[in-house]
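Asks: Put together the whole structure using the sequences plus the hints.
Protein sequences appear in the order of chains A and B. Following this note's numbering, the numbering of the first sequence begins with 51 at its first residue and continues without gaps. Following this note's numbering, the numbering of the second sequence begins with 51 at its first residue and continues without gaps.
Some hints here could point you the wrong way.
For identical chains, the list gives no copy identity; a pair is met inside one copy or between any two copies.
Said to hold, decoys possible - Capping the alpha-carbon separation at 30 Å, the derived lysine-lysine pairs in DSBU-like fashion look like this:
1) K92 - K139
2) K300 - K254
3) K139 - K251
4) K285 - K139
5) K300 - K251
6) K92 - K289
7) K285 - K196
8) K251 - K196
9) K251 - K190
10) K300 - K289
11) K251 - K289
12) K139 - K190
13) K196 - K300
14) K289 - K190
15) K139 - K196
16) K92 - K254
17) K92 - K300
18) K254 - K190
Derived by calculation from the structure, the hints in this document are not laboratory data. Remember, it's a predicted structure, so these values are computed and weren't measured experimentally.
Number of protein chains: 2
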Amino acid sequence: MASLGFIGLGIMGKPMCRNLMKAGHRLYVFDAQPDAMNPVLKEGAIACVNSREVVERTEVIFIIVPDTADVETVLFGPGGAAERPASGKIIVDMSSISPIETKEFAQRLFALGIEMLDAPVSGGEVGAESGTLSIMVGGKDAALAKVRPYLDVLGTTITHIGDHGAGQTAKVANQIIVALNLEAICEALLFASKAGADPVKVRKALMGGAANSRMLEIKGDWILAHRFQPGFRAKHQQKDLNNALSAARKLGLALPNTATTHELYSALVGDGSEELDHCALLTALERLSNHRLA
Amino acid sequence: MASLGFIGLGIMGKPMCRNLMKAGHRLYVFDAQPDAMNPVLKEGAIACVNSREVVERTEVIFIIVPDTADVETVLFGPGGAAERPASGKIIVDMSSISPIETKEFAQRLFALGIEMLDAPVSGGEVGAESGTLSIMVGGKDAALAKVRPYLDVLGTTITHIGDHGAGQTAKVANQIIVALNLEAICEALLFASKAGADPVKVRKALMGGAANSRMLEIKGDWILAHRFQPGFRAKHQQKDLNNALSAARKLGLALPNTATTHELYSALVGDGSEELDHCALLTALERLSNHRLA
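Replies: Below you can see the structure in the form of structure tokens.
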């Protein structure tokens, strides 16, 4: 059993930290919002005053925080992981952030003797709780070999995509498809509804053929019922598409439907719907044409 | 065993006509390109000089031709099905055409005593040959009940969506999702490739999660290998999206990603790629950013 670090005890981090404790490990934890640590502290985790202390006390440190700037703060901000050289440590960033900045972070940490892995997840809160996440890893084989036993506690599918940033790149690709497939479902069902066909029957017919998708299976019902309790929040979907577009801009790549879909999420967030499930995208298209799906 | 009419002996119509003959029926056929009839004539079908003769000789007539204007010609053009009143006949239009014009066609035929069903299919040439098409039906219950035994020869899933036009509406919804899911895959894999990750590994990781779709399963390999032999042709995908957009315009509905994707298909057709598989959409995005997927 190992001493492990865990930074970020939010919706995803809390159950992931718990699963590592249930597997018998001693967890040293930090969250910039101290209250977020309370549930795992009650179950035996040990609180640290900042990220630096987590890195001082452990060899393998997991991070899962909202966005690129949050990861940068954890790593390089005041009281951050990089405040003193720490040879032999491995930092596993499971946040979903920019693949380009991830490469830079990995280089800066490597100069300090710290190995980094990017290991974003898909599967949501349910997957985090049940330990069935899909984990996409970027970084060195040796580092992955050392942390794989812990990743096996957190997820069922661990895929080594490539070098630093490749895990985040795969996650961005995942989020592009998820959002664009949802948007496609919304356009198609709104079309059917506006043309006078029953969208429930249309969805059922479409699930039997080439139009089927995990999104149509999982979120088709939610969309038809205007059921938007999260789930995966619209503001996070917007952030992921923004990461896709800003990385694509730096790479010199045009992503036309990702761009349009990002704008629809901006409209959704502007409507105050940022905490709703990402399939609430439907309502942005409903407002656009003043037609409610029915 | 019945005498049935079949108008349109193209890639889809020929194997469908054959399956009806194999089921023991006598087929009266017509195609505006007489050579297209030869294969089924050799197998026992009876040639008619025009669509009107097909309707004169049979009670149930199947049509499968390329686009809305072709159906209009078959029904209402010179030598067309509507040239004389024909009470008690049922015309089953299995083409993929405009749902709005379909409603008009059904009304005009009804005034002549002819019942119409719209019954577009999905499943492609393979589904047509094996009799495993998915068939989406719009029109009256009584008419569907009469032709269902024949539809059961052609397909495995027959879904009655609603009244006249509802079958075409469902097919348009299907084609919106198919095209937009393909476009999403192309954007995501191009992003992964341009960011330096192996798109083969990324696709494999994504198939395990929320981004999976029938298109990712079926066409993901084709896209990664630049394998564009049809399959379902780009020009037909473009036509379907054009049907979606022109119907949506009449209905007063905005379909932003359908519009962008239609434009990408226009670029593809402009490049002379109209006979390639619809997943050749990749090449339009590759050219746009001067980056080849690899």
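Asks: Now tell me, hint by hint, if it's right for this structure.
Replies: Going through the hints against the structure:
Proximity of K92 and K139 under a CA criterion of 30 Å is satisfied intra-copy only: 27 Å inside one chain copy versus 76 Å between copies. In this homomeric assembly, K300 and K254 come within 30 Å of each other (Cα to Cα) only across copies, at 26 Å, whereas the closest approach inside a single copy is 41 Å. For the homomeric pair K139 and K251, the shortest alpha-carbon distance between copies (27 Å) is at most 30 Å, but the shortest distance inside one copy (55 Å) is not. Neither within a single protomer nor between protomers do K285 and K139 lie at most 30 Å apart by alpha-carbon distance, with minima of 33 Å and 56 Å respectively.
Taking the closest pair of Cα atoms, K300 and K251 come within 30 Å of each other only across two copies (23 Å); inside a single copy the shortest separation is 43 Å, beyond that limit. With identical chains, the CA atoms of K92 and K289 are never at most 30 Å apart, being 32 Å at best within one copy and 61 Å at best between copies. In this assembly of identical chains, K285 and K196 lie within 30 Å of each other by CA distance neither inside one copy nor across copies; the values are 34 Å within and 52 Å between. Taking the closest pair of Cα atoms, K251 and K196 come within 30 Å of each other only across two copies (21 Å); inside a single copy the shortest separation is 50 Å, beyond that limit.
For the identical chains of this complex, K251 and K190 are inter-copy neighbours only, at 16 Å across copies versus 49 Å inside a copy, given an alpha-carbon limit of 30 Å. With identical chains, the CA atoms of K300 and K289 are at most 30 Å apart within one copy only, with a shortest distance of 17 Å there and 35 Å across copies. Only between protomers do K251 and K289 lie at most 30 Å apart by alpha-carbon distance; the minimum there is 24 Å, versus 33 Å within a single protomer. Taking the closest pair of Cα atoms, K139 and K190 come within 30 Å of each other only inside a single copy of the chain (13 Å); across copies the shortest separation is 70 Å, beyond that limit.
For the homomeric pair K196 and K300, neither the shortest alpha-carbon distance inside one copy (33 Å) nor that between copies (60 Å) is at most 30 Å. In this assembly of identical chains, the alpha carbons of K289 and K190 lie at most 30 Å apart only when taken from the same copy (27 Å versus 48 Å across copies). Taking the closest pair of Cα atoms, K139 and K196 come within 30 Å of each other only inside a single copy of the chain (11 Å); across copies the shortest separation is 73 Å, beyond that limit. Neither within a single protomer nor between protomers do K92 and K254 lie at most 30 Å apart by alpha-carbon distance, with minima of 46 Å and 39 Å respectively.
In this homomeric assembly, K92 and K300 never come within 30 Å of each other (Cα to Cα): the closest approach is 44 Å inside a single copy and 61 Å across copies. Proximity of K254 and K190 under a CA criterion of 30 Å is satisfied inter-copy only: 20 Å between copies versus 45 Å inside one chain copy.
Taken one by one, the earlier hints fail for this structure at numbers 4, 6, 7, 13, 16, 17, listed in ascending order.
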